[in-house]
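Chain residues, written in single-letter form:
There are 4 protein chains.
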Amino acid sequence: MIKVGIVGGTGYTGVELLRLLATHPMVEVCAVTSRAEKGLRVDSVYPSLRGFNDLCFVEPSIDQLVGCDLVFFATPNATAMHMAVELLDKGVKLIDLSADFRLKDVAVWEQWYGAKHVCAELLEQAVYGLPETNRELIKTANLVANPGCYPTATQLGFLPLIKANVIDSSLLIADAKSGVSGAGRSASVVGLMSESGESFKAYGVPGHRHLPEITQQLTSVSSTPVSLTFTPHLVPMIRGIHATLYAPLLDQGVDLQALFETYYADEPFVDVLPAGAHPDTGDVRGTNRCQIAVHRPQGGNMVTVLSVIDNLVKGASGQALHNMNIMFGFDETAGLNQVGFYP
Amino acid sequence: MIKVGIVGGTGYTGVELLRLLATHPMVEVCAVTSRAEKGLRVDSVYPSLRGFNDLCFVEPSIDQLVGCDLVFFATPNATAMHMAVELLDKGVKLIDLSADFRLKDVAVWEQWYGAKHVCAELLEQAVYGLPETNRELIKTANLVANPGCYPTATQLGFLPLIKANVIDSSLLIADAKSGVSGAGRSASVVGLMSESGESFKAYGVPGHRHLPEITQQLTSVSSTPVSLTFTPHLVPMIRGIHATLYAPLLDQGVDLQALFETYYADEPFVDVLPAGAHPDTGDVRGTNRCQIAVHRPQGGNMVTVLSVIDNLVKGASGQALHNMNIMFGFDETAGLNQVGFYP
Amino acid sequence: MIKVGIVGGTGYTGVELLRLLATHPMVEVCAVTSRAEKGLRVDSVYPSLRGFNDLCFVEPSIDQLVGCDLVFFATPNATAMHMAVELLDKGVKLIDLSADFRLKDVAVWEQWYGAKHVCAELLEQAVYGLPETNRELIKTANLVANPGCYPTATQLGFLPLIKANVIDSSLLIADAKSGVSGAGRSASVVGLMSESGESFKAYGVPGHRHLPEITQQLTSVSSTPVSLTFTPHLVPMIRGIHATLYAPLLDQGVDLQALFETYYADEPFVDVLPAGAHPDTGDVRGTNRCQIAVHRPQGGNMVTVLSVIDNLVKGASGQALHNMNIMFGFDETAGLNQVGFYP
Amino acid sequence: MIKVGIVGGTGYTGVELLRLLATHPMVEVCAVTSRAEKGLRVDSVYPSLRGFNDLCFVEPSIDQLVGCDLVFFATPNATAMHMAVELLDKGVKLIDLSADFRLKDVAVWEQWYGAKHVCAELLEQAVYGLPETNRELIKTANLVANPGCYPTATQLGFLPLIKANVIDSSLLIADAKSGVSGAGRSASVVGLMSESGESFKAYGVPGHRHLPEITQQLTSVSSTPVSLTFTPHLVPMIRGIHATLYAPLLDQGVDLQALFETYYADEPFVDVLPAGAHPDTGDVRGTNRCQIAVHRPQGGNMVTVLSVIDNLVKGASGQALHNMNIMFGFDETAGLNQVGFYP
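Protein chains in written order, with the numbering used here: chain A, 156 to 498; chain Y, 156 to 498; chain P, 156 to 498; chain F, 156 to 498.
Please note that a few of the clues may not be correct.
Which copy is meant is left open, so a pair is good if it fits within one copy or across any two.
[What the hints assert, rightly or not] In silico SDA-like cross-links for lysine to any residue, where the CA-CA straight-line distance does not exceed 25 angstroms: (1) K259 with P452; (2) K158 with N492; (3) K271 with N232; (4) K271 with H237; (5) K193 with A342.
Please keep in mind that the hints were generated in silico from the structure rather than gathered at the bench. The model shown is predicted, which means the values in this text are computed figures rather than measured ones.
Just chain A, with the same shape it has in the complex (with noise of 0.2 angstroms):
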């Protein structure tokens, strides 16, 4: 048993980790903070936990984390990187769900999230932990920088294309959808069910701050210099993301399928589907599970790769856990077998 402490446990990952370890065998859950709601039951906040918690939220303090073995934030951005030299000096393990430790090139980040950026210093050694990528990396990883939830399911998608060396790096093009939940559990007028209900559109064409991401990441394994056309949509649901994938096929010879069945064949969150499938977000509602078809349409050059997550489960905290499982050799999927909740 470990002891794990919830930094900003009042919001969507916040909650999300909550449910999901509840039925871990192996972590005691001992804080869970909440400036705002600081003395009030957590199940008070969320009655869907009442039986599974009877903590309350206490102060985001150090003094309250400090006994912890590991740490998640699921803070905004620029927020975790306040407390983690502090917290990693006292030897907890943290795993920061937000974006302070995912991009390596400290200008880029300071550009993209319009802060300065307060421990530097510690981009080089935190882990962009997509276990997918990194597994090793992770298993020995004190600071694990968890994914975005576009990128996760953009990288996945693109990952056996781009390792294989059979598509035009150049001309990628990632059009991803995505659910209300994405923009969390703050108040806003954009996120009322009144505007975003019925509705759909895309946001941030000119420029979105995973677009840093998830290129860093793919040129990071690309023998090729990667361009990446991103396009985020507001999608009228609450949970999921499909990310539709396009990049010009440069290996007229290469059975698709067979790439894809091979790449994930041993990882236990991702789900090739048969040739020919179209993946539902709504059969990986709840789940880590990444669902996957690739296209070849028409049987022409375009590769086209659709790709699904539960934004909140493997594009956050889900894969939170996993990368916990990993860091402390617990079973990898402890905690994550959930069935897809459908309908």
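Please build the complex by placing chains Y, P and F on the supplied structure of chain A, with the hints as guidance.
What follows is chains Y, P and F alone, placed relative to chain A:
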């Protein structure tokens, strides 16, 4: 370990049984039947089950089911009754999620369900499977009639009041609202998202099949005649039932909150919320839990009870598992410890 | 042609006024105010209005509005009362879509709205703008209090029964359900689609501001004391209210269908559906129409009335236009002839 | 005044024609056909039309339609072609909202629509009814093939770029998303809200019937060969199409914003949004308007066009009215001046 079969594996209650049973430690699913999908892998029809179930659908027949300890009927009404006698004779226990064995009066059943009942002799021995009222009978039952979804939410809300004899049972109102999955997984126009999305309406106001079921059950525990006005409505969401219940209060001195908390103190799946609460179907989504709040608006003479369940879990497949657990002496909560799926 | 101003042009009732007025042949919109958006083009905030409105938002001030024949207040409660006296003095007619002038008893208003009323002297002269009861008074009114959304749907359902004195008005129940646009266009957590989508709950069961409004109005037409239990619920859709109304029937011989059809025979915006019907909010979406059905389930002693409106039209901005048409002698249906927006 | 008939009055495009025609000053609807609903009042099937239409459905037959000046076919594919020759011979003009006359190459049509075309000789004279490209031909046409919904949104987005010859037309991508009403009003499982709500998926990736239509039309205006990858997706909303279009930019110096604004300067139903905008399907809901934005992300070599329409209006029935207005010399915007239905 027991062996179970599921007749009617392609409806929502069938799939939900498979989802819940996948986490049950004492059950092996041996047969899933579907006439239409015979021969197909279950997980090819339901990709959410990939990795959890490698069965193929088989023809519904006595031969396929006779080796089971228990068979669930997740079939349309007037189906289970055609196989029940033979399976019971061969020593197979049955839990029928349809309405074939819920009503004791065969004439009433035939009037509301528009068919001739082919084994009316079983109605007497069939046990109505609401554990909160019939736990002892369920323990030794061979044939359990799993309650309807509306009747579950409605009975759990009225029971403490009726048993305590503090309301006028001749003026009961159940204004109930259900998500669209209650209508099942059959092709229809009214169930299209274009029809049922972004709209709200009542249906069955002149009479609904669940009315005689609720009246029969409430009458069986009431010391005074029961008269109920029942209005079902369709909510543009997938899962969830919210029953808003009204009854004139006879005993002005009763402590309603204490009454409810005491009544359900030992029930694992009924959760009485604190005074003043408004239960939300979203907090019990995916769980076998009923959350209830009792109000006396403006301290007046009307009691208002708010009772929410997930229609596919506590209102169907979860309650069926609960019944199974009781029938076979398993831990009552086995396979049913899900945290509410929020958001 | 009359000149109208809209105070509070960035809420949903304000935008809906602009949508409806765009098709009105006798109205020129001269000023749309918004403190927050001052100086911005209205159609830059609401691209749906591009081509229909070239105004910019102006500061809400007497100067901006004094040239108008009529000003609509589409503001939060406790706002209109601060400008009403001065505008009326200058000869501007007012229709207030908020609650400032709906209650006749200032003490009751102050209790429910939590503010000091600054012009209680106007409450007496303010006309409650439900045309179906107050048409004659509206014709000569200078200050119209536009009814609340729930009160509109509820009153229209109960009125024929109460006026005919055929029900027990001491046991009225209004179980009402509203789409989320009723909560307005303000940043909030509870209004997020992640919170209000795919879930259903009651709110305000201990007491809701629309209760005293409904009670006041029903009492004013009833020959016996009125006692109402009112339960509002939130539906995961954007527009629409469905009121399900219950009352014990006193007169067993009354022809309810004929009663309703006769009562509303001359009303352009109340449509009594054929016997046995279930009105759907989707059929009145976007219109100023109330569709009503009256039932007597199983021929028993309870009347069930189903009443649906679009909360932003008949429940707010459409009714305000109707009042304007009456006040200025226009055709009552001018600007309000929309066909229901289905699907 | 002209007399029009509607064949197939019970589908969504049929009902939408009735909604729009109800406000058209120059049209009398004389016949609405439905084999299934023959004899029923139209407004008993569609209560939203109560008060606007007192017709009964009639059998679809030449006799019923021969007195019309114009007949709309709002029928499934491969239906209109069976009545077209006879009606044209009798001097009735036709607008077919299905696909029977959209493709010029009968072999291609028969391949994609899986039927033998019974009047291929009409394909040559049929005019493809996209007013923005074919206005002059439409004026004198007797047979108009109303464009598909996806093809409308896609063509309007690509046209300015292709005509200006500034993109590489061999690498076009149309990632398109549609609300569920696009699938029509037929009983189905996939269209159930339980299936299509709260989920998102692509479909038809290997090939969709709208691909040859789009390719044919873009090819007809392009000076270079057109190759398009087209991916349709299903959005959990009722109305709306969002086409996200990608093309490599050949001419780095072109002012894209000016190009689009100039191209559509005189078009009443194409609205080019200001630079940097993200059109929202919610802003064109219920209208015949296409809102478009053009982007060049990070100033790179990929053009991204965002194009939104209401699939039932500009993508079907509204465009059909527009064609009618052009054919009969009416004001092009007659019956089509709706403000976007927001929220």
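Hints, one by one, checked against the model:
no. : hint           : in the structure
1   : K259 with P452 : between (36 angstroms within a copy, 23 angstroms between copies)
2   : K158 with N492 : both (21 angstroms within a copy, 22 angstroms between copies)
3   : K271 with N232 : within (12 angstroms within a copy, 42 angstroms between copies)
4   : K271 with H237 : within (11 angstroms within a copy, 46 angstroms between copies)
5   : K193 with A342 : both (19 angstroms within a copy, 23 angstroms between copies)
In the structure shown, no violation is registered for any of the earlier numbered hints.
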